[in-house]
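Participant: Work out the full structure, taking the sequences as your base and the hints as a guide.
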Amino acid sequence: MKYAFYPGCVSRGGTPELYDSTIAVANKLGIELEEIVGAACTGAGVLQEKGLKLGDTLNARTFAMAERMGLTTIMTICSTCQGVMAQANKRLLDNPDYLAEVNQELKPEGLEYTGRIVIKHLAWVLVEEIGLDTLKTFVTNPLEDMKIAPFYGCYILRPSNALGTDENPGRNEYLERIIETLSGEAVNFPGRLQCCGFPIMLINEKNSMEMVGKHTHNAKAAGADAMVTPCPLCHLNLDGQQPKAQAQRGEKIGLPILHLPQLVGMAMGLTPKELGLGRHIVSTKKLLSKASVRA
Amino acid sequence: MQANLRVRRYDPESAEQGSHLQDYQIEVPDHFTVLDALMKVREEDDPSLALRCSCRASICGSCAMTVNGRASLVCKTKMLDVAPDGQAVLVEPMNNQRVVKDLVVDLQFFWGKVRAVEPYLQPRGEEPEGEYIASNESMLNLLTPMGCIMCGACVSACTVLEVDKNFLGPAALAKAYRFVADPRDDETQQRLESLNESSGVWDCTRCYMCVDVCPKGVAPMDRIMDLRESIIEAGMTNTPGARHIESFARTVAHSGSLDEPMLAIDTWGRTNIIKLMDNAMLGFRTLRRGKLPLRSGPFHPRRPGADAVGRIFKRLSK
Ligand code: SF4
Ligand code: SF4
Ligand code: SF4
Ligand code: SF4
Ligand code: FES
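Protein chains in written order, with numbering that gives the first Met the number 0: chain Y, 0 to 294; chain V, 0 to 317.
Bear in mind the hints are in silico, worked out from the structure with no lab data behind them.
Check before you lean on any hint, since a few could be wrong.
Unchecked claim - For each label pair, taking beta carbons as the anchor points, the in silico distance ranges come out as:
no. : chain 1 : residue 1 : chain 2 : residue 2 : range
1   : V       : Pro28     : Y       : Ala221    : 33 to 41 Å
2   : V       : Asp44     : Y       : Thr139    : 52 to 60 Å
3   : V       : Ser193    : Y       : Gly69     : 47 to 55 Å
4   : Y       : Glu128    : V       : Asp185    : 53 to 61 Å
5   : Y       : Glu166    : V       : Glu125    : 51 to 59 Å
6   : V       : Ala56     : Y       : Pro168    : 21 to 29 Å
7   : V       : Arg301    : Y       : Lys106    : 18 to 26 Å
8   : Y       : Asn160    : V       : Ser193    : 30 to 38 Å
9   : V       : Glu43     : Y       : Thr139    : 55 to 63 Å
10  : V       : Arg114    : Y       : Lys1      : 54 to 62 Å
11  : V       : Ala87     : Y       : Ala221    : 16 to 24 Å
12  : V       : Glu192    : Y       : Glu34     : 40 to 48 Å
13  : Y       : Glu34     : V       : Ser197    : 35 to 43 Å
14  : V       : Met145    : Y       : Ala221    : 40 to 48 Å
C-beta: ideal position from N, C-alpha, C; glycine also.
Facilitator: Listed below in structure tokens is the structure:
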């Protein structure tokens, strides 16, 4: 299986361990990734505020580049990239005149988007393309006794008409299915489908920290040993800002936050170093000792 | 079909006990909505169950509750859709608002927000002889916000209201847009100025909750984004929110990808020493983990294709 790989800015900036663990897991599973070199940021919904056509053009350019590589599926590893690209694709495909107009802007680079691209997050690739039964055969280090709280990130869920969750409601439970396939226990807690507050981190820090504190506290109270997220932006907030959120709440939380491929990699016997598990703000040491008891 | 309703009950007369869940099992026809089922319970089983409804046709907006955690009009929610195999359906009052009794919430909170945006036309100048005339085209973009039936579902679902009750919230902001965009209104500038303040448009996290739950396609978040655009177009750019967008655009236009440290510095304002010092601490921690992207600002590496991206920006950004 070969995919046009769109790593996104954050996996190459603030969360390099996401990039590395994705590559390590893909290699193990035999997922062939060809990176779309020279693709721009999706705009993360922020550039879209400045101008929808600007954002859509940047994404159409990325889609056209993937088509030029002879591929039809783009794999993302960020909930935000996933959502922003899926929305752009929907707008472009829903309206052929608009697509033609956007294509005019791509002409100088010799690019054209013909509308054949499908965008799938790693989580969807694991469930819909690799299949959970196959994934299971790669598990050498089952995560027994480990309680994992899934945190999805808004943009992989909403707006539901662009993310295919209306036709495919199971997508809102893929993380649970993956955790179970790795023999872990999925923890249910109120915040699983909510927002981590990252987009207002720089604008209204107090509210943003309130959200981080609330979700990590609730997951921990529900018994979680760790939280897993398919979104590096959520990770930046939930892991990177957890000390600040703790201070605001006046309570120690200390909940390790894992990227999805780190969790999968742990169960497949990849080393903490290969997965970059030492590069988090909230230490993963205790979690690792729990996992390696059975290793 | 068999309807299994699990209803959150609360009685103000025994408030010390808090709320509790009560199960009801009844036989209902397949076409029943959650509201039909609740009314059947009230009529045949338990007259003490308090709920609010009127039109039963998604018009009046009085029956919003949460169904399995999702804010919904119960008259628009079919039992079969939420419980195809007769599973238990959890019905609770809306979130973020004070519960009066059982499934009824106090709408003061909702109306207070709407009132705060002065939801009425304020034309200045001479009163015309006849009606205020507006062209068809200039009114088209008001159709979506005018579809709001004031049900409160979006307020129940809003991520920010959950942690900060001062936020104006989705319904009121969508209503504010409805008047800002109305060609007959003459208070646009003053409206935008107050929406630009704290607890206004910039506090929204863009989580799409309100868009997903709104039964009328108002898409409040999209209206909030329209307001942000109007505010920037009106030249009010000295807020963290506006600086955030500008800085994001500038770094992507320069290099094709996002420059995270620069985004933070620009958003807080380059002279905000306290904020910068405070976050330098986090900087040290991330640095120790080998994570802080050091090549920032003028050193932010330009990615291949950055020239093409820059050209697109030049042509398409206003
Ligand atoms: S959406 Fe976010 S992670 Fe994705 S490319 Fe843009 S900035 Fe990077
Ligand atoms: S949870 Fe937060 S960071 Fe993640 S997608 Fe939603 S808003 Fe963005
Ligand atoms: S998008 Fe904004 S207004 Fe809508 S629910 Fe989320 S935070 Fe609230
Ligand atoms: S915007 Fe939609 S959800 Fe919110 S009050 Fe109006 S109709 Fe209800
Ligand atoms: S009863 Fe009127 S909207 Fe549901």
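Participant: Ala87 (chain V) and Ala221 (chain Y), beta-carbon distance inside 16 to 24 Å?
Facilitator: For Ala221 (chain Y) against Ala87 (chain V), whose Cβ atoms are near 20 Å apart, the range 16 to 24 Å holds.
Participant: Does the hinted range 47 to 55 Å hold for Ser193 (chain V) and Gly69 (chain Y) at CB?
Facilitator: This hint holds: roughly 54 Å between Cβ atoms.
Participant: That 52 to 60 Å hint for Asp44 (chain V) and Thr139 (chain Y) (C-beta), does it hold up?
Facilitator: This hint holds: roughly 55 Å between Cβ atoms.
Participant: Kindly confirm whether 21 to 29 Å is satisfied by the beta carbon distance between Ala56 (chain V) and Pro168 (chain Y).
Facilitator: holds (26 Å)
Participant: Can the suggested window of 51 to 59 Å be confirmed for the beta-carbon pair Glu166 (chain Y) and Glu125 (chain V)?
Facilitator: holds (55 Å)
Participant: At the C-beta level, are Glu128 (chain Y) and Asp185 (chain V) separated by a distance inside 53 to 61 Å?
Facilitator: holds (57 Å)
Participant: Verify the CB-CB distance for Arg114 (chain V) and Lys1 (chain Y) against the hinted window 54 to 62 Å.
Facilitator: holds (57 Å)
Participant: At the C-beta level, are Glu43 (chain V) and Thr139 (chain Y) separated by a distance inside 55 to 63 Å?
Facilitator: At 58 Å between Cβs, range holds.
Participant: Regarding Glu192 (chain V) and Glu34 (chain Y), is the given constraint of 40 to 48 Å on their beta-carbon distance met?
Facilitator: holds (46 Å)
Participant: Kindly confirm whether 35 to 43 Å is satisfied by the beta carbon distance between Glu34 (chain Y) and Ser197 (chain V).
Facilitator: The hint (35 to 43 Å, Cβ to Cβ) holds, given that Glu34 (chain Y) and Ser197 (chain V) are roughly 41 Å apart.
Participant: Within 40 to 48 Å or not, the Cβ separation of Met145 (chain V) and Ala221 (chain Y)?
Facilitator: holds (42 Å)
Participant: Quick one: are Asn160 (chain Y) and Ser193 (chain V) within 30 to 38 Å, going by C-beta?
Facilitator: Because 33 Å falls inside the window, the suggested range holds.
Of the numbered hints stated above, none is contradicted by the structure.
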